[in-house]
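We have chain A already, so just place chain B with the ligands on it with the hints.
If you read the sequences in order, they're chains A and B.
Taking this note's numbering, I'd label the letters of the first sequence as residues 11 to 357.
Taking this note's numbering, I'd label the letters of the second sequence as residues 8 to 286.
Worth flagging that the hints you see were computed from the coordinates, not collected in a lab.
Be aware that one or more of the hints could be misleading.
Said to hold, decoys possible - Examples of chain B residues lying across from chain A (beta carbon under 8 Å, computed):
no., residue
1, I43
2, R44
3, R117
4, H120
5, H123
6, A124
7, P126
8, V249
9, D251
10, R255
11, T265
12, E283
Even for Gly, the Cβ is constructed at its ideal location relative to N, Cα and C.
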Amino acid sequence: MGSGGRFSLGTANGGSIKSPMTDTLDTAAPAAPTASAAPAQAPLISARGLTKRFAAFTAVDAIDFDVAQGESFGFLGPNGAGKTSTMRMIGCVSPVTEGKLSILGLDPTTDGPRIRGRLGVVPQEDSLDTELSVRDNLVIYGRYFGLNRAEATRRAVELLDFVQLGERAKDKVEPLSGGMRRRLTIARALINDPSILLLDEPTTGLDPQARHLLWERLYRLKQRGVTLVLTTHYMDEAEQLCDRLVVMDKAKIVAEGSPRSLIERYSSREVTELRFPAGVQETLGAELEGLGDRIDRLPDRVLVYSEDGEAVAAQVHARGLVAETMLVRRSSLEDVFLRLTGRTLVD
Amino acid sequence: MAVATPSFESAPAGVPERSYFASVGAVFEHFWLLYIRTWRGNVIGNFATPTLFLLAMGVGLGSYVDKGSGVGMGIPYLQFLAPALLVSTIMQGAVFEATFPVMAGFRWVRRFHAMHATPITPAAVVGGFIGWLAVHATLVGAIFALVIVVFGAARSVGVILVIPVATLTALAFATPIAAFMAGQRDTNAFNSIWRFGVTPLFLFSGTFFPIERLPEVIRPLAWLLPLWHGADLGRALALGTVGDDPFRHLAHVMILSTVAVLGIVWMLRTFRRQLEGAR
Ligand SMILES: Nc1ncnc2c1ncn2[C@@H]1O[C@H](COP(=O)(O)OP(=O)(O)OP(=O)(O)O)[C@@H](O)[C@H]1O
Ligand SMILES: [Mg+2]
Numbered sequence: 011m012g013s014g015g016r017f018s019l020g021t022a023n024g025g026s027i028k029s030p031m032t033d034t035l036d037t038a039a040p041a042a043p044t045a046s047a048a049p050a051q052a053p054l055i056s057a058r059g060l061t062k063r064f065a066a067f068t069a070v071d072a073i074d075f076d077v078a079q080g081e082s083f084g085f086l087g088p089n090g091a092g093k094t095s096t097m098r099m100i101g102c103v104s105p106v107t108e109g110k111l112s113i114l115g116l117d118p119t120t121d122g123p124r125i126r127g128r129l130g131v132v133p134q135e136d137s138l139d140t141e142l143s144v145r146d147n148l149v150i151y152g153r154y155f156g157l158n159r160a161e162a163t164r165r166a167v168e169l170l171d172f173v174q175l176g177e178r179a180k181d182k183v184e185p186l187s188g189g190m191r192r193r194l195t196i197a198r199a200l201i202n203d204p205s206i207l208l209l210d211e212p213t214t215g216l217d218p219q220a221r222h223l224l225w226e227r228l229y230r231l232k233q234r235g236v237t238l239v240l241t242t243h244y245m246d247e248a249e250q251l252c253d254r255l256v257v258m259d260k261a262k263i264v265a266e267g268s269p270r271s272l273i274e275r276y277s278s279r280e281v282t283e284l285r286f287p288a289g290v291q292e293t294l295g296a297e298l299e300g301l302g303d304r305i306d307r308l309p310d311r312v313l314v315y316s317e318d319g320e321a322v323a324a325q326v327h328a329r330g331l332v333a334e335t336m337l338v339r340r341s342s343l344e345d346v347f348l349r350l351t352g353r354t355l356v357d
Numbered sequence: 008m009a010v011a012t013p014s015f016e017s018a019p020a021g022v023p024e025r026s027y028f029a030s031v032g033a034v035f036e037h038f039w040l041l042y043i044r045t046w047r048g049n050v051i052g053n054f055a056t057p058t059l060f061l062l063a064m065g066v067g068l069g070s071y072v073d074k075g076s077g078v079g080m081g082i083p084y085l086q087f088l089a090p091a092l093l094v095s096t097i098m099q100g101a102v103f104e105a106t107f108p109v110m111a112g113f114r115w116v117r118r119f120h121a122m123h124a125t126p127i128t129p130a131a132v133v134g135g136f137i138g139w140l141a142v143h144a145t146l147v148g149a150i151f152a153l154v155i156v157v158f159g160a161a162r163s164v165g166v167i168l169v170i171p172v173a174t175l176t177a178l179a180f181a182t183p184i185a186a187f188m189a190g191q192r193d194t195n196a197f198n199s200i201w202r203f204g205v206t207p208l209f210l211f212s213g214t215f216f217p218i219e220r221l222p223e224v225i226r227p228l229a230w231l232l233p234l235w236h237g238a239d240l241g242r243a244l245a246l247g248t249v250g251d252d253p254f255r256h257l258a259h260v261m262i263l264s265t266v267a268v269l270g271i272v273w274m275l276r277t278f279r280r281q282l283e284g285a286r
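Isolated chain A (complex conformation) (with noise of 0.2 Å):
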């Protein structure tokens, strides 16, 4: 694969991962001394206080967050807690009722246009262009940003290829898989070389597989340099993308770190799921106590926090407890979400 010329193709190891320097808004106009001499080291994306109102109800309220160069960072929450909306003002399309915002050191009241040119968007409801062919839903959104055609399409080639699509360039978008039309809009929001990428829900509703596909894609993107931004009520999504997360519930962040600090701080290290027999659960009371590190009671099962699940498992034996089904598991972002809010992720 040729890489001379003006346009070249990085491969998996060997491509371009650019300096912390090239990605903070820095435009040939000298009249930008704002975005120039902000430090290298200054987040990419900065919120204090951030708040978005619909009327009288708050959808974010008053979150505070970074985001660094080139890192992975994720909002982890239920429907309703406030992602998307959070997601919208990050994305220049929705204006920020109070606080303060700041994205590639530029102020989105104000800069809304040149924000949004380093931005690549993949929203929570597809987008695509379903009336014209997958080529050129991505050449059109190209010449949002002002490339040429011809530039448009070499990169709209490229990026099909990218997201295993190229064999569908010249077909309508319509008859596209739920999968592929996620990969599609992952590669449109590719065209402008983005800054950050901000993917919201970027996997919700796929099969497996295809989930799958699309991580491992983002995965790459990640190693490249690119900073994501991105939202998810999956666990293992957000353990496996994110190098930092925020939980939010009910428009606020209930909590804030890597998924093993979340884990470390907020749950112990193994699980056990006790199930009972239908109507047993609820007559055992002192028989649970004194089980694990803590106990939290499900309606369906219960689970025992413990650093040594399988001890947990031998002493539920050892008083005699008959239970359907006994699990011991490492513990997730679920359980650290259970122990922050009281509800379970996904209902």
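Frame of chain A, contents of chain B with the ligands only:
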């Protein structure tokens, strides 16, 4: 597995704000792309509509009218009908473009939202879409004018001037309707617009018979019918009678332009609200 990761080294580190006109051009291009994708069917339709109408109404019905008392201007019915029919047909086409495609752009296909995620501003979306409406109306109007000439229904070269009149009338209708449709959640309003708006206007705005044939008391109401202004002006230009009553025709232009401008202002509001407020 050595999969290529795209890397666009030519991309500038920062993107300067794009000019409004470049953005408008890109939005226009999108709609143009949608049109030429099915251009054969579109163009055939654009020829077929005037041909059928002029055959049925102008030639068929016209032969009866001309045998009777005529339209009272000493001209064949076909020449009376053709320019006004051009204007009202273009108006209808533009109303259609301002309903379904607008709702699709915000709710079904969401292409307006896709545009807004890029440096394109809501004002550029409006500009590009109006540009498309105008170009489309002009294109279809020109085809219609060609058919009129072929039918021998053109009384003077003034028929060429009917095309911009049709475009202006189209915008006076399409812009407020597009502004209104932007906020609609279902197509109920679309049916009402057609049933209670477009169809009655089409029938009673002096396209098929002179407004003077309506009872004296309701005749002044014609001034409230936006289509009448376009039909009356278009006909006068085609027949070369503008000079008979220049103020009336100037008023037509002023009224249509005012409505179009108000429609654009309203569009700027509703399009922005949809793009920035909706999910
Ligand atoms: N345009 C709007 N007008 C009014 N309320 C809104 C609007 N958009 C979102 N909301 C409300 O704000 C809250 C947060 O919504 P948001 O879409 O940000 O949640 P989310 O975390 O993305 O949820 P999901 O996982 O379901 O996508 C919800 O209660 C929602 O009903
Ligand atoms: Mg959401």
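Status of the hints after comparison with the structure:
1. I43: 11 Å, violated
2. R44: 7 Å, holds
3. R117: Holds. Min distance 4 Å.
4. H120: Constraint on H120 (chain B) satisfied, holds at 5 Å.
5. H123: Because about 5 Å separates H123 (chain B) from the closest Cβ in chain A, which is inside the 8 Å limit, the hint holds.
6. A124: At about 4 Å, which falls below the 8 Å cut-off, the nearest Cβ of chain A leaves the hint on A124 (chain B) intact, so it holds.
7. P126: With Cβ-Cβ at 4 Å, under 8 Å, it holds.
8. V249: 42 Å, violated
9. D251: Result: violated, 47 Å to nearest chain A Cβ.
10. R255: Violated, about 43 Å.
11. T265: Nearest chain A Cβ about 31 Å off; hint violated.
12. E283: OK, holds: E283 (chain B) within 8 Å of chain A, min 6 Å.
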